[in-house]
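K.L.:
Got two chains here, each in a separate frame; can you build the complex from them with the hints?
Protein chains in written order, with the working numbering: chain A, 1 to 105; chain B, 106 to 522.
Since the hints were derived computationally from the structure, they do not count as laboratory data. Note that beta-carbon positions come from the ideal geometry of N, C-alpha and C, so glycine has one too. Be careful, since some hints might not be right.
[Claimed, not checked] Straight-line alpha carbon distances no greater than 20 Å define the calculated EDC-like cross-link-like pairs of lysine to aspartate or glutamate that follow:
| hint | chain 1 | residue 1 | chain 2 | residue 2 |
| --- | --- | --- | --- | --- |
| 1 | A | 90 | B | 299 |
| 2 | A | 78 | B | 342 |
| 3 | B | 304 | A | 14 |
| 4 | A | 71 | B | 361 |
| 5 | A | 90 | B | 342 |
| 6 | A | 86 | B | 330 |
| 7 | A | 100 | B | 456 |
| 8 | A | 86 | B | 345 |
| 9 | A | 78 | B | 330 |
| 10 | A | 71 | B | 218 |
| 11 | A | 86 | B | 343 |
[As the list claims (entries may be wrong)] Derived contacts from chain B toward chain A, CB cut-off under 7 Å, selection only:
| hint | residue |
| --- | --- |
| 12 | 261 |
| 13 | 327 |
| 14 | 341 |
| 15 | 342 |
| 16 | 372 |
[Unchecked claim] Derived Cβ-Cβ restraints for the label pairs, each shown as a range:
| hint | chain 1 | residue 1 | chain 2 | residue 2 | range |
| --- | --- | --- | --- | --- | --- |
| 17 | B | 217 | A | 61 | 29 to 39 Å |
| 18 | A | 41 | B | 317 | 43 to 53 Å |
| 19 | B | 284 | A | 77 | 33 to 43 Å |
| 20 | B | 323 | A | 61 | 25 to 35 Å |
| 21 | A | 61 | B | 185 | 24 to 34 Å |
| 22 | A | 60 | B | 190 | 19 to 29 Å |
| 23 | A | 58 | B | 507 | 25 to 35 Å |
| 24 | A | 48 | B | 489 | 46 to 56 Å |
| 25 | B | 330 | A | 38 | 19 to 29 Å |
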Amino acid sequence: MTTTTPLGSPIELDPEGFFLRPEQWDETMAEPIARENGIGALTERHWQVINFMRHSYLTTGSAPSIRTLGKASGVPVKELYQLFPKGPAKLAAKIAGIPKPRGCI
Amino acid sequence: MNPRIVIIGGGTAGTITANRLSRVYGDDAAITVIDRDDRHVYQPGLLFLPFGLVDPNRLVRSRQAQLRAGINFRLGEVQRIDTEAERVMLAGGEEIPYDVLVIATGATLLPGETQGLTGPGWQERVFTFYTLEGATALRDALRGFDGGRLVINTVDMPIKCPVAPLEFSFLADWHFRERGIRDRVQIEYVTSLDGAFTKAVCNRELSGLLAGKDITVTTEFNTGEVDGTGGRLVSWDDREVNFDLLVTIPLHGGGEVIGSVPGLGDEIGFVRADRSTLQSSLSPNVFAIGDAADVPASKAGSVAHFEGETLVSNIQRFLRGEELEGSFDGHTNCFIETGFGRALLIDFNYETEPVPGLFPEPHIGPLRLLRESRLNHLGKLAFEWIYWNLLLPGRPLPGISDQMQLAGKQLNLLSTK
Ligand SMILES: Cc1cc2nc3c(=O)[nH]c(=O)nc-3n(C[C@H](O)[C@H](O)[C@H](O)COP(=O)(O)OP(=O)(O)OC[C@H]3O[C@@H](n4cnc5c(N)ncnc54)[C@H](O)[C@@H]3O)c2cc1C
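Looking at chain B on its own, in the form it has when it is part of the complex (with noise of 0.2 Å):
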């Protein structure tokens, strides 16, 4: 019988890992898709939506059109798995057996667990631009902005797109210049961490930046309340922001099925998994990929899609009673959008930090790794169409392999600690 392969999840994940099954497979595995609804925002672009760079409706299209035909696309929530008896129940009560799971559910935006986040002042001057809606909403408040406090802050890790938050202030001074009000409007980033980035040669580039286009940036501040209508962030050890405009991002978590199966997510519901082959720790034959892994790499597209080669591989490993390969290096690549249409980019992986260099040919580039300029930009940009044409579809990115490259790269910045 051939193989029935379930992935829960058509967002970025869901869909690179079913077009390349379906491709190395074809007729030779039934692959299903279950999502909840048929809506696939490209996310990347909710970035520019707030500043109106960009239209909703162009962000938005359907999941299952981005599926090879020969792909079975269910609507439908799931509400429970049963790793013993192999099967995934959908609400409704049908049941879906498996021979291998994929489970691509992303991460969950959480702003509920934040008191007082989502209480007086939400969508009103306090807001996320992580959601179509959220971001739509931000555009309309900018607009009426004309001075005043703006506040961007990171609740805590792990979020997605760790950098688009810096990406938004810098895109924030940009806008109010733009206007002609940026004397008017201080920006203030807040976050968690102990810096604006965790990697420490990446850090001191955006700590630069940062300073450099006057916004200011509180460290390590916990955030445990939220005054919507004093306008006060208050941290866990009563530390105090005041805010007329809250840009949030809120906590983020596994999704609730997660939960529901005992020992197959860590504490706050991201799946288990092998850093390097993807495998779940509780069952052989459940894998995770995308923003629900609780692997320790950033939750980016570009993760999904260098991760898609060695989930593959590894489930027809698996169905062959072969020994899996750990062959995912946590391989990340960002563009920073940083105002007046230019850019930074940076490639890394879970041994090597970010440093500056060429990419993604050595001594050749053309695009500069951490530095600004115009062609980083531009390939912000064209990352849209590289996402519906060549990421989803589960192709090679041109140049740009699965596998990070130290060539090209300045190593020698890296301090031996």
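Extracted from the complex, chain A is given alone in its bound form (with noise of 0.2 Å):
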């Protein structure tokens, strides 16, 4: 599924939203993702998690589970649940533009 952002460029995302290719997503594409799935202003706490997110995925080439983002990212599991409810792995992920986190098998 290809769609094009107000600036015209072209973005390769999966049927339930995630981007296929993270170097297509900047800075400015996670408020409007975040607004979309129900998430107001991005606070600095969501930058963080948002951060991390990306790193890990860009150094590990897996997106981090709700776990690792509580030991690792500084912001413990439930805050995580505050900051991106529902799903913070997930909802985090789509904002960040990487791929669905998928459980390990």
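P.N.:
Following this line, the structure appears as structure tokens:
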């Protein structure tokens, strides 16, 4: 699935709206994606998680789980659920422009 | 001088590695296996124990007795690894130097990491069958359970043998039907995943089976707290599931010792290793195999078996100064016990998810992939003999290659997403 941003650059998304190519993402896209998913303004704490998410994906090739986020992002699990209600790992991944995290088999 | 190869862990993966190395090197390498105890548990048997289908004593053998003559077995707890000085430190202070280190420390259960899990009710109405003690205590509890809500909860991935909680649910259904009280028991499977299984085709098959057996599935439930007194599971997003009897699959982590070396493991203690060569990303002469490795394959004995060939050939290559071979493809092969003397079989790897077909011989089988059959159940039972007599000694399994075969599989079922 391909969509086009207001600025005109094409983005490839999976059917659930996750980026297939993280390099097509930039920081200006985060707010609109967050809003579409029911999250108001992104705070510094949101960004801490988003940046951690992207960094982990780009260095290890896979998106961190909620548990890893809780241990390593500096934001405890309870707060992750306040920042990104329902599914922090999935929502943060979507906003951070990385592919859908797969629960390891 | 003969190379000194030290293996931490004398479980499935460490034993396979030691025996394979001993066969290729004979007296030309000094092979040492270190484990904290001498009790090797056949872990797949833990699934059957709670239902009284196997005796606990039958599942345990000496670790040392599974090792070929000439392999040095050391009892001891490894407390620290020093990858700079190339040595491991045992509790008590003894140091063991190595030329090649193999980390086969498996996965550690961390029930204490979930709030309340080991609090009131633990081992009374909250159990796990992932340890011998836990499975035995659960057997006794099941005997006295004659109605109510049985909840099976996988707290989070990764876990050993990810299908075992589903198998437990199937066997529980069978168990209560045999006892004639199934109508008095509600069975609910609660998972952090967004389906019964992560792979689409297999998920469809398993979801159908669960529904057919009247087992409720609750997905995307991330357990934050267990209230043993009130019989409640509470998720981080404040959903609740009530239970009378809880069977938990607690969080898993890598061994504590992995954390003693900065950069060796990931955030939850599994060794960062190349998914096709099994070499650690920290040190070229350190390798990881089995559940201890953070590779994106299932944590299963069959995986340790398929990894064994790659690991041993790469240790040889490393010691000869040659380039490593990326030959491990993520091959996993699991029987899924479904109750009533039947089972499914799945066979997959990093690239290809489980699909129906025939195994191990295309067009012949005799085993059918992803379909229930009596023969698959017999295969599951035969795995115990195979484990002690072929897998641990590091011998090939008849007709089953280390790399997954595409032939015989219905690949047309894989949607091109
Ligand atoms: C209920 C259940 C059902 C299963 N069913 C199946 C199945 O049907 N098929 C299948 O293929 N797999 C199955 N498995 C998975 C399989 O048992 C494991 O994947 C396999 O045993 C992993 O082997 P390992 O050597 O990596 O770890 P283990 O066999 O757990 O061995 C690790 C060893 O390291 C030792 N160790 C760790 N740290 C230290 C230290 N610091 N110092 C000294 N020693 C240390 C431990 O004592 C242990 O002996 C099942 C597992 C469970 C729990």
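K.L.:
Give a verdict on every hint.
P.N.:
To see whether the hints hold, each was checked on the structure:
1. 90/A <-> 299/B: Measuring from Cα to Cα gives roughly 11 Å; hence the hint holds.
2. 78/A <-> 342/B: The hint holds at about 8 Å.
3. 304/B <-> 14/A: Cα-Cα ~16 Å, so holds.
4. 71/A <-> 361/B: 15 Å, holds
5. 90/A <-> 342/B: 14 Å, holds
6. 86/A <-> 330/B: 16 Å, holds
7. 100/A <-> 456/B: 17 Å, holds
8. 86/A <-> 345/B: Distance of about 14 Å is within 20 Å: holds.
9. 78/A <-> 330/B: 11 Å, holds
10. 71/A <-> 218/B: 11 Å, holds
11. 86/A <-> 343/B: 10 Å, holds
12. 261: 5 Å, holds
13. 327: Constraint on residue 327/B satisfied, holds at 6 Å.
14. 341: 5 Å, holds
15. 342: 5 Å, holds
16. 372: 5 Å, holds
17. 217/B <-> 61/A: 29 to 39 Å: Check passed, 30 Å falls within 29 to 39 Å.
18. 41/A <-> 317/B: 43 to 53 Å: 47 Å, holds
19. 284/B <-> 77/A: 33 to 43 Å: Holds, since residue 284/B and residue 77/A (Cβ atoms, about 39 Å apart) stay within the stated range.
20. 323/B <-> 61/A: 25 to 35 Å: Holds - the Cβ-Cβ distance for residue 323/B and residue 61/A, about 30 Å, lies within 25 to 35 Å.
21. 61/A <-> 185/B: 24 to 34 Å: 29 Å, holds
22. 60/A <-> 190/B: 19 to 29 Å: 28 Å, holds
23. 58/A <-> 507/B: 25 to 35 Å: Holds, since residue 58/A and residue 507/B (Cβ atoms, about 32 Å apart) stay within the stated range.
24. 48/A <-> 489/B: 46 to 56 Å: About 49 Å separates the Cβ atoms of residue 48/A and residue 489/B, which means 46 to 56 Å holds.
25. 330/B <-> 38/A: 19 to 29 Å: 25 Å, holds
Consistency with the previously given hints is maintained throughout, with no hint failing.
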